[in-house]
Amino acid sequence: MAQTLAAFLEAQSAPESLKGLIAGIADGCVRISHAVRQGATADMLGTAGDTNVQGEVQKTLDLAADDIMIAACRAAPGVVAMASEEQDGIVPVAQVGPNEGWLVLFDPLDGSSNIEVNVSIGTIFSVLPAPLVET
Numbered sequence: 001m002a003q004t005l006a007a008f009l010e011a012q013s014a015p016e017s018l019k020g021l022i023a024g025i026a027d028g029c030v031r032i033s034h035a036v037r038q039g040a041t042a043d044m045l046g047t048a049g050d051t052n053v054q055g056e057v058q059k060t061l062d063l064a065a066d067d068i069m070i071a072a073c074r075a076a077p078g079v080v081a082m083a084s085e086e087q088d089g090i091v092p093v094a095q096v097g098p099n100e101g102w103l104v105l106f107d108p109l110d111g112s113s114n115i116e117v118n119v120s121i122g123t124i125f126s127v128l129p130a131p132l133v134e135t
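Number 5 in the numbering used here belongs to position 5 of the sequence shown; there are no gaps in the numbering.
Just so you know, these hints were derived from the structure itself, not from any lab. Any given hint could be a false lead.
Stated by the list, open to error - Taking lysine to any residue and the SDA-like style, the derived pairs with C-alpha atoms no more than 20 angstroms apart in a straight line are: (1) K19 - I121; (2) K19 - R37; (3) K19 - P77; (4) K19 - V127; (5) K19 - A75; (6) K19 - A71; (7) K19 - Q87; (8) K19 - G78.
Using the sequences and the accompanying hints, generate a full structural model.
Structural data, given as structure tokens:
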């Protein structure tokens with residue numbers, strides 16, 4: 001029997017902030033999927049003229065996907081900081097109490113250079129607990 005992500009997360013004993021973060025990232029991925037499908041009709045194809053931290057030419061869609069993921073992580077509970085392949089450094093988000101919170105790392109649109117030849121693309125992310133701070 002099929003199960004939704006929301007139902008799966010609800011059944012887990014993970015912290016509520018982690019469940020909310022994963023749900024927010026999933027919503028961001030849906031928004032990225034919509035942007036990819038719109039492609040040329042929304043003027044989303046082509047290069048943006050910059051390079052990312054890997055030295056790759058950034059596509060317009062890379063930057064749109066990055067904006068979507070950053071917004072999703074900013075809206076999620078407990079995110080302390082994030083890092084993206086499209087950003088030069090760490091993106092701070094929120095101040096939380098000691099020994100709580102999450103770090104999010106992501107490539108918002110992996111394989112974007114494959115879009116024009118209709119090869120697979122995707123979003124890669126990792127969620128880690130923020131480092132413990134001695135008080």
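Each hint, compared with the structure:
no., hint, verdict
1, K19 - I121, "violated, 25 angstroms"
2, K19 - R37, "violated, 27 angstroms"
3, K19 - P77, "holds, 9 angstroms"
4, K19 - V127, "holds, 11 angstroms"
5, K19 - A75, "holds, 13 angstroms"
6, K19 - A71, "holds, 17 angstroms"
7, K19 - Q87, "violated, 25 angstroms"
8, K19 - G78, "holds, 10 angstroms"
Consistency with the previously given hints fails for numbers 1, 2 and 7, ordered from lowest to highest.
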